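K.L.:
Fit chain B to the given chain A structure using the hints.
2 protein chains.
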Amino acid sequence: MSTLMHYDTNDLWKIEQVGFDEKFLGKTESIMVLGNGYLAVRSSEEESYVGETRDTFVAGTFNAFDENEVTELPNVPDMLGMNFVLNGHVLSLIQGQVSDYSKKLNLKTGELVRSFIWKKDEVVVKLTFRRFVSKARLHFLATQVQIENLSDQPLSVKVRSGINGQLSNEGSQHFTDGEKGLMEGRFIQMMPETTQSKIQFVQTSEHRFEGVELTENRPETARRGFYMNYAFDLNGNSSISFEKRSSIYTSIDKELSSNKVEDMRQFAVAELISLEELSFDDLLSESAKEWQKIWDKHPIKIETKNFRDQIAIRFAQYHLHVMTPAHDERMNIGAKGMSGEGYKGHTFWDTEIFMLPYFSFTHPEIAKSLVTYRYLGLDGAHKKATSNGYEGAQYPWEAAWPTDGEVTPVWGAADIVTGQATKIWSGFIEQHITSDVAFGIKQYLDVTGDDTFAREKGYEILVDTAKFWASRLEYNAKQDYYEICDVIGPDEYKEHVNNNSYTNYTAHWNMVYVIDLVAELKEREPQVYAKLDEKFDLKSLVQTLEEKSEKIFLPQATEDGIIPQDDSYLSKKVLDLTKYKEADGVDSLFHEYNLEQVNEMQITKQADVLLLLLLFEGLFDKELKEKNFDYYEPKTTHDSSLSLSTHAILSADLGKLEKSYHFFQQASNIDMGEYMKSSDPGIHAASLGGIWQMIVFGYGGVRIVNEQLRIEPHLPKEWNTLTFGFDYKGQEITVEVRPDHFIIEKSGQGKAIEFTSKGKTHKLNDSLTIFY
Amino acid sequence: MSTLMHYDTNDLWKIEQVGFDEKFLGKTESIMVLGNGYLAVRSSEEESYVGETRDTFVAGTFNAFDENEVTELPNVPDMLGMNFVLNGHVLSLIQGQVSDYSKKLNLKTGELVRSFIWKKDEVVVKLTFRRFVSKARLHFLATQVQIENLSDQPLSVKVRSGINGQLSNEGSQHFTDGEKGLMEGRFIQMMPETTQSKIQFVQTSEHRFEGVELTENRPETARRGFYMNYAFDLNGNSSISFEKRSSIYTSIDKELSSNKVEDMRQFAVAELISLEELSFDDLLSESAKEWQKIWDKHPIKIETKNFRDQIAIRFAQYHLHVMTPAHDERMNIGAKGMSGEGYKGHTFWDTEIFMLPYFSFTHPEIAKSLVTYRYLGLDGAHKKATSNGYEGAQYPWEAAWPTDGEVTPVWGAADIVTGQATKIWSGFIEQHITSDVAFGIKQYLDVTGDDTFAREKGYEILVDTAKFWASRLEYNAKQDYYEICDVIGPDEYKEHVNNNSYTNYTAHWNMVYVIDLVAELKEREPQVYAKLDEKFDLKSLVQTLEEKSEKIFLPQATEDGIIPQDDSYLSKKVLDLTKYKEADGVDSLFHEYNLEQVNEMQITKQADVLLLLLLFEGLFDKELKEKNFDYYEPKTTHDSSLSLSTHAILSADLGKLEKSYHFFQQASNIDMGEYMKSSDPGIHAASLGGIWQMIVFGYGGVRIVNEQLRIEPHLPKEWNTLTFGFDYKGQEITVEVRPDHFIIEKSGQGKAIEFTSKGKTHKLNDSLTIFY
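In the order they appear, the protein sequences are chains A and B.
611 is the number of the first residue of the first sequence in this note's numbering; add one for each residue after it.
611 is the number of the first residue of the second sequence in this note's numbering; add one for each residue after it.
Isolated chain A, as found in the complex (with noise of 0.2 Å):
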């Protein structure tokens, strides 16, 4: 553990790193790392060191490297590096002395400041860095440098920056080394392209020196680089800040009137002279102000003994929106943001279970573009399942352009002992991914009314998945029933299981609501009836729905109330954990277990009967539910970062509020906190997702079940105020929940509602039931 991450509870917006360590590089570039949904950045040094991961990505501009690779979001050529040369000196903050280093990020406004006072024989100064990228202009990226000379004598600066494309994707390069070109005298331009998918990208850049006699001022090109060069000298104790604007254009932009290379080149150049008459500070404010809108959305705030819990929510929302390409629905979240090369900007079910939740209750606009997203994903889904054999909508287990179906690496990395390649089976048989699309697409349209959706795209996505489903299930004639077998659930310990429960109740759920979904358009929607009935003969489907879900195997409770996870997992040995957990859980436990071992014994990587228990909580009481948690919660290494949210919330729903509030604290942790190397590859999106269900669900109790809005809040003992907000069917509601009360306001309806009456029900109408 390392000292170098700080909080300061005064300023509850800011995260910061103190004292610059090059072992750690990787923390803070992906924690501070900065983006609109569009593009993003890793928050690297401008100055390169070994071991940093200097990484751009633009959403949705997926590429293979080769056919024996599967797509992934290309590391796009660097804006942001710069060299300095101060008197002769190479700047590193690895020689030399370096003081009051700090990194630090406004999650408020998204700026990035980066200072230090360095000092190399005769050179002492002070740099201070300031970036943003525009939540204003998706296009648009900065950096404002300054530099002051500490010292009475002078100092002369050389400094090297523009656009490098040397860099790759851990060695896989997906870009051309295209045309390059000056525009005006001072813009340099690189337009790469894409190798495989051919989205051609033009990149502007352009630096701005006023009131500076340079020496130097010389446009250097280089293979897959263009940069510029630039020289000056600095007096003793005086200063100097300069200006670098950027931008980035692919031809997949929807908005532009022309993606031709041309236009886009002409259009960039003009774009930036157009903003001449705007300062950085400028700049950054009408970023800022973007920003403000997702702060005065619903604004969460927390007063509690723990003023880290008041900025994990922040920094959660932060990441949340840095990561979703609200702009555009044929892109999603991948499952490391676009935050690091982890996951290769995939998608998978982490964004309905984990992270639409939060869009859909607070910004459903932004959910509609998820789910579409998967509406638009059908032909792929279509192209699994007959490739497999089945019929309808069977999801990728891993996402990139929507089309494209799944894109699941086949292969893994090398086993460590047999040198062998290992293979990744989730693409083939993680299958529960199908219904958690289905939940998702069913909770977005429960919690927004969506009606449009719902008839256009929704209830086809959740009948093509019913009917995938339905072609999946296995007839076990032994027992008369279907069955699903050969499958990983959640828990990703267990390859090649039978009747994983998750599995099976979720693929039950599906096709059980499509029966009645069919039966009530008939009845209440005719033109949506025939329109789906053109697509999917329903009235055969519903048949084979019937059928085969009245028979679907559902695993039930032991006489001790344990839901089994699948068909093996309770006749398995169990081992002790705990050791495991008090140490560093996953990787002491495979100091001494291999994952064959490991497969075969009780351990769980992540929720999985639980996340079932919460998922579908109207299906099982509480008593179930307090003996499964009892149960496999000790048998869960919580190593997926998907697995302390649901523990959170379902202690949390339990009275476990005390283990409710300290796995939440772990899971808050899991990015923003003091391990220095677990975010090298990029944030953990589905975590960051899980912060905010953790606080309103968990704690402001909320939830839809039965397609009705349930409230039921308790506070973990820590916290004297939480309130929060959402929008429920088009009504913004807020929520101030306290020890002893609470308070409910709907928008435009003047008066709050308190509640004080504890242990009470209140149906307040046919959709909203109170707990208190």
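No copy labels: a pair is met if it fits in one copy or bridges any two.
In silico DMTMM-like cross-links for lysine to aspartate or glutamate, where the CA-CA straight-line distance does not exceed 20 Å:
#: 1; residue 1: K633; residue 2: E830
#: 2; residue 1: K730; residue 2: E632
#: 3; residue 1: K808; residue 2: E679
#: 4; residue 1: K729; residue 2: E632
#: 5; residue 1: K808; residue 2: D676
#: 6; residue 1: K1033; residue 2: E789
#: 7; residue 1: K768; residue 2: D631
#: 8; residue 1: K1033; residue 2: E830
#: 9; residue 1: K907; residue 2: E1346
#: 10; residue 1: K1088; residue 2: D1177
#: 11; residue 1: K768; residue 2: E632
#: 12; residue 1: K633; residue 2: D731
#: 13; residue 1: K633; residue 2: E656
#: 14; residue 1: K633; residue 2: E657
#: 15; residue 1: K730; residue 2: D631
#: 16; residue 1: K1266; residue 2: E1233
#: 17; residue 1: K768; residue 2: D1197
#: 18; residue 1: K808; residue 2: D938
#: 19; residue 1: K1215; residue 2: E1102
#: 20; residue 1: K1067; residue 2: E1001
#: 21; residue 1: K1287; residue 2: D631
Simulated from the structure, these hints should not be mistaken for lab results.
Just so it is clear, the structure is predicted and the values come from calculations on it, not from any experiment.
P.N.:
For chain B alone, kept in the frame of chain A given last:
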């Protein structure tokens, strides 16, 4: 200029870098490159630095990144990098205190030794790295690491070492992320394949710790990488050493019984196992023995006031053997050898005019391989001729795989002013390469008397190139002569000129030579004649050659005795270059003039007319040579590394020995000297061949004139003795030159012949004339 480079008067076999400076990583990476003609590795530090260029090349394994890039020698996954963590500190010489840094290449044995003492907080260690690429086993390379704990406190050491495929050629990735494997529990293997040429690599590494208690010994796979992680503790004031042994095989290796990947994997492991009985020193000495064979063949000994002259020739010979793929006639020498990514590993006229003479005169079997490469290149040369509307063999300006034909990039770096890519004309119009190849073949035949090669391949090349020239000539009706318009001569500052003398004269020579050759073959070698006649229809070809060669325009000397470089050169403006030559040459000139302006002045980049006078000395008298030397040299910037050696030899011929020796010293220092940046993209191969030529041709006075060997020595005044030798038509000749006499010894002839009477000509026999 830096003072890092050291040469020891007491050990004229070593070049050394003393002191570390991260600004100059490229210098000793290049000039201390290790290799054996099959593979070569730049001598990067084991630990990584920003700005390093960590290259491994295997000869002939060309690959093109995409259809917009030409093929290049790909940067093979690195097997030499190692990271060290000492008591938690990452080893890096740009932090902590470094003392006694030395990086030393032993030219005699091919061993690189790097050592330094590093202090960081409580850590005080001495590290010593010994490394070689085996000259005895072409696929093998090894490193020995010694760690001495100089403190009396225990030291914890972590080492990460393996195979790293995340590197590229300046961002262009040429390999797939292939299969990986751990064999026999300790041999890590990676099997990358080139993406376009589909050459399969098998790379195997083994680490050997003896008598060390490892606390960690953990394989780790990564994307494009496979590493071993080791940890151990070192008591105070103790030391340990370990070894890394590696090999590289590819599917184009000719000598293997099977090039199947599985067989190569097994074979590579079996080979490393079979070497286990041999120590690092055994393996190094086995390799040094092979080097010794080179040093024993015609050793060059210089008694000189400047000891670096002696090192220079060893430096040159070392590199000539590192860079030359003598094992495979499908491969040739790159303009940067295999010491860097510059010029993409491509073969230019540099081979025939600058490096081949060394091999023809001292290693005829290697020379044979190099000229055979041109025979294998005939198809590519036909392709190029046809595509340009010509006949015969038009050799590519840049050649890679022999049958690929022209691989000169069409577009170069973007113009820094317009930003537009500049067209590289050499591939289209620098046509003298075809006569250069013919010249090289002819010189090889004259020196070696290799009649078999002549009959089977050599004559065919000469006829085919003559056929090209005949088709290339343009008839000028006004002048009633044939001319060659729109070319680039050796002076690349003059593009699109007409009747470049070098081009016209050498084309003429090629055609006239073939006219005579055909007559001779018809009379004396009817079978060879018949074979060629079938291919070329010799009667008709000779008729054409006769008609055209008689009327070819050969620019004649002006009244002042100056051979015009081309039709327009002498009418251009003259610029006094004195001040630029005194300053930094090309840099200072191009700060004042751009290429277009230089094109319009009498400024020459490198020997052009003077090279013609040197290579075809029989055509021109001494007075003309002197006049032209005095005219052109002051107008020559020597910006090409191919220029100085030509000037040194020609001025020696002309008795301007002081001037000559000045050129010699300048030329010797191009790579070996103190210029710390100029070798970054690789050494200057032609210049190194030029070092041998300056000594043997320039001061030894050896030349073939009109198919006769001539020896006419003249020593610079700084030299007391020069001893050298060469093979001439199967006979070994040794020459010892002193200021007042010289001695020639022919092997098997017993007695040496001594010449003391200066100013006389001794015609020893029909093929050997001595001038003194």
